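S.K.: One-letter residues, chain by chain:
2 protein chains.
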Amino acid sequence: MAKALTPDFFFERHPGKAAGIAFELESILYSGQSDYQKVDILQTKNYGRVMLLDEVIMLTSFDEFVYHEMITHVPLSVHPNPRQVLTIGGGDGGTLREVVKHPSVERAVLAEIDQKVLDVSREYFPEIASGLDHPKSELQIGDALDYIQDQENQFDVILSDSTDPIGPAVGLFEQPFYRNVYNALTTNGIFVAQSESPFWDPEIVKSIHENLTAIFPVVRFYTAFIPTYPSGMWSFVFASKGLDPLKNMRHDATATFQESLKYYAPDVHHAAFTLPQFFKNLIR
Amino acid sequence: MAKALTPDFFFERHPGKAAGIAFELESILYSGQSDYQKVDILQTKNYGRVMLLDEVIMLTSFDEFVYHEMITHVPLSVHPNPRQVLTIGGGDGGTLREVVKHPSVERAVLAEIDQKVLDVSREYFPEIASGLDHPKSELQIGDALDYIQDQENQFDVILSDSTDPIGPAVGLFEQPFYRNVYNALTTNGIFVAQSESPFWDPEIVKSIHENLTAIFPVVRFYTAFIPTYPSGMWSFVFASKGLDPLKNMRHDATATFQESLKYYAPDVHHAAFTLPQFFKNLIR
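Order-wise, the sequence lines are chains C and R. Numbered per our numbering, the first sequence finishes at 274, counting up by one with no gaps. Numbered per our numbering, the second sequence finishes at 274, counting up by one with no gaps.
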């Protein structure tokens, strides 16, 4: 019954679980160790190029557009005039690539701990890394937990484009960090974070909800289909000082570049906040 | 780099692809061959019990609720008074379990080719198979392609709960079958079919769209998160003789049993028809 993988297959066992996804490798383009993590770039048959950090899939050229469009355009279509935007993590540049599309954005800061991620992205994912070298972009290489402590009333939107809450990223899912985010935001500020899978890690989603509702008056989850993340059902959390993700939405926010988008659209924004019953029950 | 699976892991290589999902086995509960296909029932760590047909995942106790609720309650909440409902395939009984919940339903026919699927479902998935033995249910063991030819103006709703369009089910995705479905439907009739993944098999989705629009005046796709199907993004197609899946929706259709549902709700019904841009482009 059990069918072994051939040596040409890579198996990503989802962290802490007895299941995962597997795919055929064409070649290993890069394999190295940074100061923080193991970094691998794979060429695959069905998923294009894949970036692994500590053997966990971070992005694939097959479906990266979903994650990067949905983490960015939802909050930037709600804030009335987002000028300063901070991205935490996201060293690959995909989130910046989407942030700088918004005409109102003047300054797009990236706070990423690992220079190596930027380097390999520039080399192996030029169409993703393009955001890194945009004139609006400002790169802060270092620990985002430190960076954000010194910011006050500075950013209109803060995006947490982090790894899973294990290892170095665990602090990015806790109340002290959320409090610093709150302080770093301007009056109308919005915070959006990738918030794992409600199918796969319901307890993490619950804990994110509890930690954020202790600090922000508005906390709402939304979802997107991301095939190469555990379960394919990914969630994001929207937290703000008052703006509502649906009532305050600007339907024309992406109009000037809508043609470049493959997932996000104003109707998709709206529908993404409708959660299946089991997800509603989880955060009730 | 390539990490082999241990003998305790089962790897489902998605049909025709160089990728798939893998999960740890606790035990193999049943393994046999019917007249039509290989049938296996596995006990797994993360997905509960799993039914394989020809080594492809049909259902898991982890996420079967999504598929069965979404294939059923969408059309049955649009038809104003669904009394006679035909399910094609679906020998496990999960779709029938949901169909018979609707108070208006008087007769729920199942046309399934393989008696073995009913037998193993009754033994290993009693909570799914319960629909098979409901007083409203009528079991027709045989080829649905033959059964439907003799039906005219008979069913208010027809559900195609089929396997993938390879092997025996291929005829269930072609125009001659869709024409027979049209004839078997009553004046207000609705047809819903599982229609594969737009991420994973865009060409199949396109072909289903073309074949159905040649026959039905209303054809609309909707989606659901199903972790154990390829890509986790699954689609269903809604085709009708005139009823619109949103404008004609009865918001109270599931009210008497809404508490039993873990995915479907009226707002979920509505949101499910909003397709990401790449899916809209696919069927433009």
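Careful: at least some of the hints might be erroneous.
Identical copies go unnamed one by one, so any copy, or any two together, can satisfy a pair.
As the list claims (entries may be wrong) - Below are the BS3-like pairs computed for lysine-lysine, each with C-alpha atoms no more than 30 angstroms apart in a straight line:
1) K237 / K7
2) K35 / K196
3) K270 / K35
4) K7 / K231
5) K28 / K237
6) K7 / K126
7) K28 / K231
8) K270 / K28
9) K252 / K237
10) K35 / K126
If you're looking for bench data, these hints aren't it; they were derived computationally from the structure. Computed from a prediction, not measured in an experiment: that's the story for all the values here.
S.K.: Does each hint hold? Answer for all of them.
M.R.: Hint check results:
Taking CA atoms no more than 30 angstroms apart as the test, K237 paired with K7 passes in neither setting, with 38 angstroms inside one copy and 43 angstroms between copies. Proximity of K35 and K196 under a CA criterion of 30 angstroms is satisfied inter-copy only: 22 angstroms between copies versus 36 angstroms inside one chain copy. Taking the shortest Cα distances, K270 and K35 sit within 30 angstroms of each other only across copies (25 angstroms), while inside one copy they are farther apart (37 angstroms). Taking identical chains as interchangeable, the C-alpha atoms of K7 and K231 are never at most 30 angstroms apart, the minima being 36 angstroms within one chain and 46 angstroms between chains.
For the identical chains of this complex, K28 and K237 are neighbours neither inside a copy (43 angstroms) nor across copies (52 angstroms), given an alpha-carbon limit of 30 angstroms. In this homomeric assembly, K7 and K126 never come within 30 angstroms of each other (Cα to Cα): the closest approach is 40 angstroms inside a single copy and 41 angstroms across copies. In this assembly of identical chains, K28 and K231 lie within 30 angstroms of each other by CA distance neither inside one copy nor across copies; the values are 37 angstroms within and 56 angstroms between. Taking the closest pair of Cα atoms, K270 and K28 never come within 30 angstroms of each other, the shortest separation being 36 angstroms inside a single copy and 38 angstroms across copies.
For the homomeric pair K252 and K237, the shortest alpha-carbon distances inside one copy (24 angstroms) and between copies (27 angstroms) are both at most 30 angstroms. For the homomeric pair K35 and K126, neither the shortest alpha-carbon distance inside one copy (35 angstroms) nor that between copies (48 angstroms) is at most 30 angstroms.
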